[in-house]
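**Student:** Residue-level listing of the chains:
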Amino acid sequence: MSLTDLTIAEAAAGLAAKTFSAVELAAAHNAAIAALNPRLNAFITVTPDLALAQAKAADEKIAAGAAETLTGIPLAIKDLFCTAGVRTTAASRILEPFVPPYESTVTAKLLAAGAVFLGKANLDEFAMGSSNMSSGFGPVENPWKRAGSDAKLVPGGSSGGSAAAVAARLALGAMGTDTGGSIRQPASFTGIAGIKPTYGRCSRYGIVAFASSLDQAGPLARTVEDCAILLAAMAGFDPKDSTSAERPVPDFRAAARRGVKGLRIGIPAEYRMDGMSGEIEALWQKGIFWLREQGAEIVDISLPHTKYGLPVYYIVAPAEASSNLARYDGVRFGARVEGEDLIDMYERTRAAGFGAEVKRRIMIGTYVLSAGYYDAYYLRAQKIRALILRDFTEAFAKVDAILTPTAPSAAFGMGEKMDDPVTMYLNDVFTVSAPLAGVPAMSVPAGLDAQGLPLGLQVIGRHFDEETVFAVSGALERAAGFSGVPAVMAGGAA
Amino acid sequence: MGYVLEGSTGAWEVVVGLEVHAQVISESKLFSGASATYGGAPNTHVSFIDAGFPGMLPVINRECVAQAVRTGLGLNAQINLLSRFDRKNYFYADLPNGYQISQFAQPIVGAGVVEIELPDGTAKKIGITRLHLEQDAGKSMHDQHPAKSVIDLNRAGVGLMEIVSEPDLRSPEEAGAYVRKLRQILRYLGTCDGNMEEGSMRADVNVSVRRPGEDGFRTRCEIKNVNSVRFVMHAVEAEAQRQIAVWEGGGEVEQETRLYDPARGETRSMRSKEDAHDYRYFPEPDLLPLVLDETWVAELKAKLPELPDQKRRRFCDQYGIPFYDAGELVAEAAIADFYEIVAKGRDARLAANWITGDFFAALNRTGASIETSPVSAGALGELLDLIGDKTINGRIAKDVFEAMVETGKAPGAIVEERGLRQVTDTGAIEAAVASVLAANPDKVAEYKSGKDKLFGFFVGQIMKATAGKGNPALINEILKQKL
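Protein chains in written order, with this note's numbering: chain U, 918 to 1411; chain S, 385 to 867.
Hints listed in this document are in silico derivations from the structure and should not be mistaken for laboratory results.
Incorrect hints may appear among the rest.
Taking lysine-lysine pairs in the DSSO-like style, the calculated list, with each CA pair at most 27 Å apart, reads [as the list claims (entries may be wrong)]: (1) S/Lys608 <-> S/Lys472; (2) S/Lys864 <-> S/Lys832; (3) S/Lys827 <-> S/Lys848; (4) S/Lys472 <-> U/Lys1157; (5) S/Lys782 <-> S/Lys728; (6) U/Lys1069 <-> U/Lys1334; (7) S/Lys472 <-> U/Lys1300; (8) S/Lys835 <-> S/Lys848; (9) S/Lys472 <-> U/Lys1276.
Produce the entire structure from the sequences given, and follow the hints as far as they go.
**Tutor:** So, in structure tokens, the structure goes:
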């Protein structure tokens, strides 16, 4: 087996047993990136030398007997995490020259654990998108292909570069962020696992903000267990983020092996949408069957405000984004286009620096917060957001976790769904509710569609109950026995 | 009838409300660990949070919250145990985030009251609408370079308390008295240094006019960033006069933001209502609601210093001094402390007279403050002791005091050095009396024929004969006997 094909758990065991070194592991991934990134564009910035240096330090740590699980594990970092001394762009031209002098809390924790960073993964500009087509540094190609077609597919978004890198074996795992589905939808599109933890589980310090009340960091990896390993290292209270939670971090890895016997799993009626493909419905039924077979009790539930999730999300997220992105004004950092006066400089800088989707969301957000519209849009959206949270609170009085599809379709082609932004926004229909309520949710690869593309199932849990989410996801993973691999991957296609 | 302005069509009343921005005294800024102290080379008190760098998050400074609570308590205001922060969005080069973190819908402090003293000595209660915490902006400077503006972010993110009054003020004097009173309270509390020259306290002045007896308020204008008590008073008057002229000319006052130009003594338009910013306030998602512990608030309240109004009443009761004098003595906490040291165990009225009289005059003349005074409270007390034990008399004491101001020496040393001890030797005074009476037989005759006023003449002559050191009581007594 090639070094790039290992899971994180396997690689950690191999490193501990000195079967191979961290430097060898990093070099294998550097080579894979050198070979495939020109095609996939999964990374905006690659840092092979840094990776080797970190791997060398990891080998020393292992030799000294001071290794942690992540010591020497090569990862891709979504280019939304500020990394000290390494350019951080948020996939926006406005941050093209930006090299942060500070490290995000999450990446700092990974570095402290001895992880190796391969580079900064591509994403939708400022994490706004579900296709990775809005990156200012070019789209990411999904390593998966439809059977008998060479059409380029999107990896989903916004953590599309992270997902493509993990799926194509360019990294053992990756850091992503999820605001409305940005970890789960690309995980589903690329046949890997990804979890958006509870809001407040991971620090947001040093992550370029999109929508502050929704953004959460989370891992993407090829197995549920690997996600558990990564999340355990990322999570924890951070005094630098007032919204991070002062709670102990449980043993997620153990939870992933726990099983579902005796758990009550809710199936929300409202997720059975008109026009949803039969394949998605069938996969969902399979998931229900797998869990019941392993001893879970299936309970029909209702999340009555589900249908308002998308409109609420597309008011709240742009509103916060319009404010969060005001700082990109050319005054202190990033790109600047000179102008006749201050206002002219702002306008030229922001016109040149932001792409179309970012501009659209800034305008939507500005509009919904404006005097005269605030009550009708923002305030009403906040009220419905509270009702969505109440839906979950009531549901979790009856069930321990909720099972739904992750996305309404498999990966679509580049150029498809591009005419109308609303069609694109519909991709998030199953994923927006969890961040609106702040609850954890995970996507697990569960099968392939008729065209051979991966599909994911989503597990939603109670606030700060990622353990149950991992338990259910682990059970699904074992039952599904997903073994699909993408057409494009390190070491050649399967 | 209070303050009115006479227009060409009759009398007008002025209505004023103030929004005072007071910089919080704290080690570090409201949401970052950078130093909040004034001064320092440009852009040296700046963290990445203050500069609005990507991924930076605010964390509330507990001390700033405590200062706001102390201030609220000092303004007899309601403390809101739950308050929230909001973002106020607008673009400006010295506002790094493109928004100011402020409190809009749910401020930390609610309604309160401040009592001001009017020129006729009567008191008036001015309502406080609210106090909220917010960040200060940086400073743009347009005069440092021919083509460029430069920005100093040292002030960006420093905590501010915005204290909003009800429109209860009715004259420039009341507005001035209110700002002075507010500043006094803040200084007593140690929550703001009240230094208007350095901009650590500044006022937005809302002015409208109406006919006496008219119900409701007419359209107001807001005069931004007025930075002295005097300018607040001038701005109120100038703006009221302008508005009266508009109304009397058949026009309508437009709601707008104006600036006061001290050089020309007038206000001018800064931006009209149409150009007013739409601040797009919304709850700050990076901060949790601010929840205060009731016992913590109670602890702050218990540790609150004595405030000027309380102290003034106590001075009247405890020291038996007039209300007016007590007001002068509590103007600053340091003066009040000074007074109490001097008054302790001595004639408290005499101490008050000395401080409000010769001592204040000396401070004025030398340009010193209470902190840099050449005469310490101990030294002034010693001087009073010398008067009390009759070592010197009141007239000589004034000379000794002047010498103390000049030389900084102790009064006892000055008295010894210059031989100013009071003459209490009966024989010496009797001799002086005798010689003065002998030298002025005509005056003695006049006195005896009923010209009582001449008694003072004799006292003066005898005092002169004793080089001012004669004990006045003894002189009086012996003189009466001899006459």
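**Student:** Tell me the hint numbers this structure goes against, listed in increasing order.
**Tutor:** Hint check: nothing fails, all pass.
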